[in-house]
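Visitor: Between the sequences and the hints, there should be enough to build the whole structure, so can you do that?
Chains A and B supply the protein sequences, listed in that same order. Mapping the first sequence onto our numbering, position 172 (from 1) lands on 172, and the numbers just tick up by one. Take any residue in the second sequence, note its place counting from 1, add 1000, and you have its number in our numbering.
Among the hints, erroneous ones may be present.
As the list claims (entries may be wrong) - Partial chain A-side listing against chain B, Cβ under 10 angstroms, derived:
id: 1; residue: Ile93
id: 2; residue: Asp110
id: 3; residue: Asp114
id: 4; residue: Gln158
id: 5; residue: Arg159
id: 6; residue: Pro201
id: 7; residue: Ala203
id: 8; residue: Tyr204
These are computed hints drawn from the structure, not numbers from a lab. All values derive from a computational prediction rather than experimental measurement. We put the beta carbon where it would ideally sit given N, CA and C, even for glycine.
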Amino acid sequence: MELKDFNNRNIAPGYIFFEGEKAPENGWQIFKRIVKRSIKGELFVGLWIVFREMIRFDIHTVQYPAEKLEMSPRYRAIHKLLRLFESGNERCIGCGLCEKICISNCIRMDTHVDERSRKVVSEYSINFGRCIFCGYCAEVCPELAIVHGSEYENASEQRAHFGLKEDMLTPLDTFKAKQQQEFPGFGALSDNADEFVKKTPLAY
Amino acid sequence: MSDILITIDGKQCVAKEGEYVLNVARRNGIFIPALCYVTNCSPTLACRLCLVEVDGKRAYSCNARTKEGMSVITKTEDIEKERRAIMEIYDINHPLECGVCDQSGECELQNYTLEMGVDSQRHCIPDTHRPTKNWGLIHYDSSLCIVCERCVTVCKDMIGDSALKTVPRGGTELDKSWKDNTEKDAYAMWNKLQKSIIGVASGAETLDCTFCGECTAVCPVGALVGSDFQYKSNAWELKKIPASNPHSSDCSLMYYDVKHSSIKDSQPKIYRVSSDHNYAPLHGAARYGFDFENIIAGKDEKTFAEAIELLKTKVDTIAFDSFITNEEALILQKLKEKFNYRLVNDDALAYQKFLKAFSQTSGVSLYSGDLQKIRESNFVVSFGTALKTDSPNSGYAMNNALLLNKGAGLYFHPIADPIVSAYSKNLLSITHKVGAEEAIAYLLLDLFGDKAAMPQSLVDYLATFHTMSKKTIQESIKEDVKEMVKDEESGEEKEVIKSVTKMVDKEIDIDTNALLELIGAEADLSEKIEKLLDKKDSFSLIAGEDLYRHPRAENIAKLLGFIEKYTAFNVMIIPSRTNTLGVALICALDEQKGSFTLGYNVKADFTLSALGNGDLAMPALNQQEGTFTSMNKRVVPTNAALAFKGYCLNDIANVLGLESEWTIDYTQELPLSKGYESREFDTLPNTFDNSGYENRGYLLNVQSVTGQEEVEPLAEIAVFDSVVYLANPVLHFSAFTNKAHQLNTTGALYASAEFLEANNLKEGSVVHISNETGAKLVVSVQLDAHIGGLIPYLPTFDTKLDIAPLFNNGYRFAKLTIRGVDHE
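Guide: Structural data, given as structure tokens:
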């Protein structure tokens, strides 16, 4: 933050105003615009492909919802917060890297010190109205705590219904039923990760 | 010290002779890594990273002094290897908890590790269990500590508390085999690191200091942090708003670190205060008393209309305090000019009068001293102020001067202060009689005045205090006696000179100075001062709040003017509140209130208040932009950290016919005749240069004044026995500091252990305080371990304690009767 940033008291800086398309002036120009906007050659290309595939009778459509696709681990759907397999504690240490790296600036977290002098995340939220599912948060997470899920059935009245910590964190009963799976996608360690690590000597 | 030329990495640099090489390099933009050095403090030599080559030889730039023609190379292959090894050692067993650490990337250990390219580790040693410590406002995580000793250094050299020291770590001994395959300096550093850790100097469980928190500011890693801030936010999320200390007149540069309150509440909130620790120390109230903002829901149009109506009709007086900006003071002055309101501000009025009397004899409109001058001097005198609590930053400057310039000093105050006394063994604390400040001013003139230049009448008057008497004392002298000795072997006679000690009676002149007795000092004070003055050449004098409302204030001010003019002292007259100097310069103040008073942060018939208890809410100083006039005679800007949704003084002024869009439009209208400049607020810088130059705002112009060089003779001091002082405890300055959640407390009668014992009181016992006119106060007693003597003090920060009637003439010492309350 520099001094000049404080000197700018304009409430909404950074807006760019442009004139836009010239408005039609007479009936003929309006007619021309309507024709130009509504009739395009590409329309008929699309119609032809649909028609061609229809008459071949060799359709590969998945029979959803009776049949569901197996998603690749690299698929990036609504996020999940995982627990540690050993203890069931939350993996998230509240380092804030996901918050920092998020290019659409949609992650926020509240942290505090708990009675055991540890940093805990009291609340975590992703604004799914803004999230572009780029996967940076999962990639930067040093604990593999925030990961992308593969669940693509996200119908709800509001996108916000998926965005709080309680929505994303593996529920304890799911965890106890051993249904939490390790995430192999973005940010996970590669199989040969050990080869790249130099060991630090230990004096024990 | 003269200017010389030295070469650093081929660049010609101008330096003062004897300066540290590191400082010259920094000033010239040449980077030398250093972990343990703090500017303006003595070199610790803990980290050894600042290793350089001076004329082909290895030296540490933090303690290598410059010499004419010296050539410094900051980087060679050898040095880089050594530095890399040092960082490798620092990384041994350092917890890899950077993800949660409060330093969150603003970590010098992390920076230098990356800078030196440490990517692997060769060394190992078993770790030692180092538990975390909670020291009240300060939290110490010793496992993160790299024992750079910056905290210890700054606490001693800058702050003067000396509350921290290195203590044994109890770690494993280094295996000697490491010595052969570790670089020399890295090994020496490791050897020391493995043996020590930071602890409380007194050996107690918890810190018992003035809690300035400067140790948390200098800590290069996340070991020392504010307890309140712990794990609350990452540093990179906080927006730094540059501001000036709103609580006291040092107006030090500080930053409000602001972020949204929480996920649920996106309103900005101040999380902590940070500072430029190399250049501007902050006291505890500035560091911890940041959340005194006045949060309100919205504009209260009805009350606003009522205030306007009152101002148009009934109000004839505006009473205010000096916790306002220069711009607000100017608005009030303009309102006065337009509507003929009386402006009442007791504290600023006293200061104004004092300054006026001062310039009568000094011949200049403002005093010459400032914090930088104090820091550069080697003889500092403080009188008329409880330095530690009234103006901690002046205390820091004094301590810094005493320690780094091999300085000496005098501290005159009726209340003994063990913290100030412990600054240096060359600081003489004189616990003088209450009210003796005038005599002290005369004494200083007598001791330091240039008798040849001073008016003859004054010289003659000073001479009347001296009585010469003759006294016979026995003195031992050495006398050489010649003796003829016969050498037994050769038989020759030789003349041998022997030295014999003899006692002789000698008559000497004894000069008795009556002033010393008037002050209540011991008779040998003059000799003691004489000793302290050895090799001293630059002098600073700090004068404070006790004097402004002293019954003899005017005369003391005139004497101070003489001291400014006829002694080597640079006098600094500490403005008693944040912007007392600004108000005193800008406003024409009145003595008496009229029939209907509008108060601004002062309780009155109708009150505008930023404290949240008035009729109409006003923005607090962290919600306003504007300027302060600091004790350094500098007009410094401060920015708004938080928004304020209500009305401010400018809105009121606008309705009353002063046209101005923003309060800061008044910055360029500040009175030129008083030394202000016509500069727009937005052009005022607020930084420190790499050289440590305070590039903040601008300096007031000092004008010459013609006045009469006349002073009155010393008036007799009324001796009273049961005295109570008016002062705030450490960390408090006003009701605003008490609003901050970390500092909030209840006021009490603060007394020394000695006082409690003498009066058979315990901490927490309730006393009844009254004066001759019948004003009363019932208050509990609290122990203040950092004062001595039998004078307790009452605070002003707690608005629930109505202490004003007890100190009705404003003088900080009042004769009060204290009586324990019996519980039957």
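Visitor: If a hint holds in the structure, say so; if it doesn't, say that too.
Guide: Here is what the structure says about each hint:
1. For A:Ile93, the suggested interface contact is upheld, since its CB lies about 5 angstroms from the closest CB of chain B, less than 10 angstroms.
2. Restraint check, A:Asp110 versus chain B: the minimum CB separation of about 5 angstroms is within 10 angstroms; hint holds.
3. Annotation: interface hint on A:Asp114 holds; nearest CB of chain B at approximately 9 angstroms, less than 10 angstroms.
4. Annotation: interface hint on A:Gln158 violated; nearest CB of chain B at approximately 16 angstroms, more than 10 angstroms.
5. Checking A:Arg159 against chain B: minimum C-beta separation of about 16 angstroms lies over 10 angstroms; hint violated.
6. The closest approach between the C-beta of A:Pro201 and any C-beta of chain B is roughly 4 angstroms, which is under the 10 angstroms cut-off, so the hint is satisfied.
7. This hint holds: A:Ala203 has a C-beta 4 angstroms from the nearest C-beta of chain B, less than the 10 angstroms allowed.
8. Proximity of A:Tyr204 to chain B holds as hinted, the smallest CB-CB distance being about 6 angstroms (cut-off 10 angstroms).
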